[in-house]
Amino acid sequence: MNELIRINANDSVAVALRALKTGEKIPVAGADFDAEVLEDIPMGHKIALKDIHEGESIIKYGFPIGAAKCEIKKGHHVHTENVHTLLSGAHDYEYHPTHPKLESADPETFDGYIRFDGRVGVRNELWIIPTVGCVNDIALTLEHEAKKFMGGSVENVRAFTHPYGCSQMADDQENTRKILADLATHPNAGGVLMLGLGCENSGIDTIKPYMKNFDSERVKFLISQDVHDEIESGMNIIRGLVEKMKSDSRVPCPVSKLIVGLKCGGSDGLSGITANPTIGYFSDMLVAQGGATILTEVPEMFGAETILMNRCKDEETYKKTVSLINMRNASL
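Using our numbering, you'd call the opening residue of the sequence shown number 62 and step up by one each time.
No wet-lab data here; the hints were simulated from the structure.
Keep in mind that a hint or two might mislead.
[What the hints assert, rightly or not] Pair ranges (Cβ atoms, derived):
id: 1; residue 1: Lys-239; residue 2: Lys-209; range: 31 to 39 Å
id: 2; residue 1: Ala-365; residue 2: Phe-275; range: 24 to 32 Å
id: 3; residue 1: Tyr-342; residue 2: Thr-83; range: 30 to 38 Å
id: 4; residue 1: Asn-63; residue 2: Thr-83; range: 14 to 22 Å
id: 5; residue 1: Pro-125; residue 2: Ala-80; range: 24 to 32 Å
id: 6; residue 1: Gly-84; residue 2: Cys-325; range: 33 to 41 Å
[Said to hold, decoys possible] Restricting the straight-line Cα-Cα distance to at most 25 Å, the calculated cross-link-like pairs of lysine-lysine (PhoX-like) are:
id: 7; residue 1: Lys-324; residue 2: Lys-269
id: 8; residue 1: Lys-209; residue 2: Lys-239
id: 9; residue 1: Lys-281; residue 2: Lys-324
id: 10; residue 1: Lys-273; residue 2: Lys-239
id: 11; residue 1: Lys-307; residue 2: Lys-208
id: 12; residue 1: Lys-111; residue 2: Lys-209
id: 13; residue 1: Lys-307; residue 2: Lys-239
id: 14; residue 1: Lys-86; residue 2: Lys-135
id: 15; residue 1: Lys-239; residue 2: Lys-269
id: 16; residue 1: Lys-374; residue 2: Lys-318
id: 17; residue 1: Lys-135; residue 2: Lys-208
id: 18; residue 1: Lys-305; residue 2: Lys-318
id: 19; residue 1: Lys-134; residue 2: Lys-86
id: 20; residue 1: Lys-86; residue 2: Lys-111
id: 21; residue 1: Lys-281; residue 2: Lys-269
id: 22; residue 1: Lys-273; residue 2: Lys-305
id: 23; residue 1: Lys-269; residue 2: Lys-305
id: 24; residue 1: Lys-307; residue 2: Lys-318
id: 25; residue 1: Lys-111; residue 2: Lys-239
All figures in this text were calculated on a predicted structure; none of them were measured in a lab.
Virtual Cβ for every residue (Gly too), placed ideally from N, Cα, C.
Start from the sequences, fold in the hints, and give me the full structure.
Next comes the structure, spelled out in structure tokens:
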């Protein structure tokens, strides 16, 4: 079993796959030599495979991940106390495209729900979306009552409660409106009840224009202050949505219609040689067939931003990514 691994042939460090003790000599997987451990190295941490001089780049994955703050001797622990980031304010970048060369295999399919606008959902759920936090309890009550309709093609009933919709300003309010509109038109929802109060800043009439093209048979609206009993009225709307959802069925769809969101699941010292490459290869395979993945948590790009930039599909997208990293106005 490997205990120490060099990920790329150009790396100046290796990753400990178990806790290493001072004085051990460990074969380096990915290299033809042993490493002598000169100080204890925790599992998932790095050990220097060569003498690294002050200011010299630390190479891992074949790319610089930082620079040495001081002299680091071969066999010593490489960590946050002796490495500093290469980031410092805005940078000037150059576009050097390095798109993965994947041969597209025979088109793959997945079973999904085709929506009226051609998008495809991987779920068929009934969603209750409050426009303002003041109606959260009503949304939760409707969710509880509507759970009895689950079964068959009605896979779940969910209320998306939140504390927003009032007392917001500028971009804060604008982003709330966009998110609520996007939720209401998401392909994973086979039926949507958008629930408003009637006096909020981001009410239904305000959010509707953000929704643009939506299926009026599948997206319904209710303003609580306009009805005598919002629970009864809400349940009547939900019954109608459920009836439409009952006829929905999964059909084979090309993976070019598939969009997968990626999110950190709680990284540890070994994620960089386990889950992360797996997700990367999956993304390459999906994109090669016309699908897409969405990378979140922008701060975690820092230090690897040039790798991502050079994989942008064209120079226009590259420039937007540079603006995003340099904290200038950018709209991807």
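Against the structure, the hints come out as follows:
Roughly 33 Å separates the CB atoms of Lys-239 and Lys-209, a value that falls within the hinted 31 to 39 Å. Between Ala-365 and Phe-275 the beta carbon distance is about 37 Å. The supplied range of 24 to 32 Å is therefore violated. For the pair Tyr-342 and Thr-83, the supplied restraint of 30 to 38 Å holds, since their beta-carbon distance comes to about 36 Å. Under the hint 14 to 22 Å, the C-beta atoms of Asn-63 and Thr-83, about 20 Å apart, fit the expected range.
Taken as a hint, the range 24 to 32 Å holds for the pair Pro-125 and Ala-80, whose Cβ atoms sit roughly 27 Å apart. For the hinted restraint 33 to 41 Å between Gly-84 and Cys-325, the CB-CB distance of approximately 36 Å keeps it satisfied. With a C-alpha separation of about 29 Å, the suggested pairing of Lys-324 with Lys-269 is violated against the 25 Å cut-off. Distance hint between Lys-209 and Lys-239 is unfulfilled; the C-alpha atoms sit about 31 Å from each other, more than 25 Å.
At most 25 Å may separate the alpha-carbon atoms for a hinted pair to count; Lys-281 and Lys-324 exceed this at roughly 30 Å. At roughly 11 Å between alpha-carbon atoms, Lys-273 and Lys-239 fall within 25 Å of each other, so this suggested pair holds. Our distance criterion of 25 Å between C-alpha atoms is met by Lys-307 and Lys-208, whose separation comes to about 14 Å. A C-alpha spacing of about 64 Å is found between Lys-111 and Lys-209, which places the hinted pair above 25 Å, so the restraint is violated.
In summary, the hint linking Lys-307 to Lys-239 is not supported, as the alpha carbons are separated by about 29 Å, beyond the 25 Å threshold. Of the supplied pair hints, the one linking Lys-86 and Lys-135 holds, its CA atoms being roughly 12 Å apart against a limit of 25 Å. Taken as a hint, the Lys-239 and Lys-269 pair is honoured in the structure, with Cα atoms around 10 Å apart against an allowance of 25 Å. The hinted pair formed by Lys-374 and Lys-318 meets the criterion: a straight-line CA distance of about 18 Å does not exceed 25 Å.
Only pairs whose Cα atoms come within 25 Å are accepted, and Lys-135 paired with Lys-208 is rejected, the gap being roughly 61 Å. A distance of roughly 23 Å separates the Cα atoms of Lys-305 and Lys-318; the hinted pair therefore holds under the 25 Å criterion. Proximity of Lys-134 to Lys-86 is assessed by CA-CA distance (about 15 Å); at most 25 Å being required, the pair is judged to hold. This hinted pair checks out: Lys-86 and Lys-111 have alpha carbons roughly 15 Å apart, not beyond 25 Å.
About 11 Å separates the Cα atoms of Lys-281 and Lys-269, which keeps this hinted pair within 25 Å; it holds. For the suggested pair Lys-273 and Lys-305, the alpha carbons sit about 22 Å apart, so the restraint of at most 25 Å is met. The suggested pairing of Lys-269 with Lys-305 holds, with an alpha-carbon distance near 22 Å, which does not exceed 25 Å. With a CA separation close to 23 Å, the supplied pair Lys-307 and Lys-318 stays within the 25 Å bound.
Between the alpha carbons of Lys-111 and Lys-239 the distance comes to roughly 51 Å, so the proposed pair goes past 25 Å and is violated.
In this structure, the hints that do not hold are numbers 2, 7, 8, 9, 12, 13, 17 and 25, in rising order.
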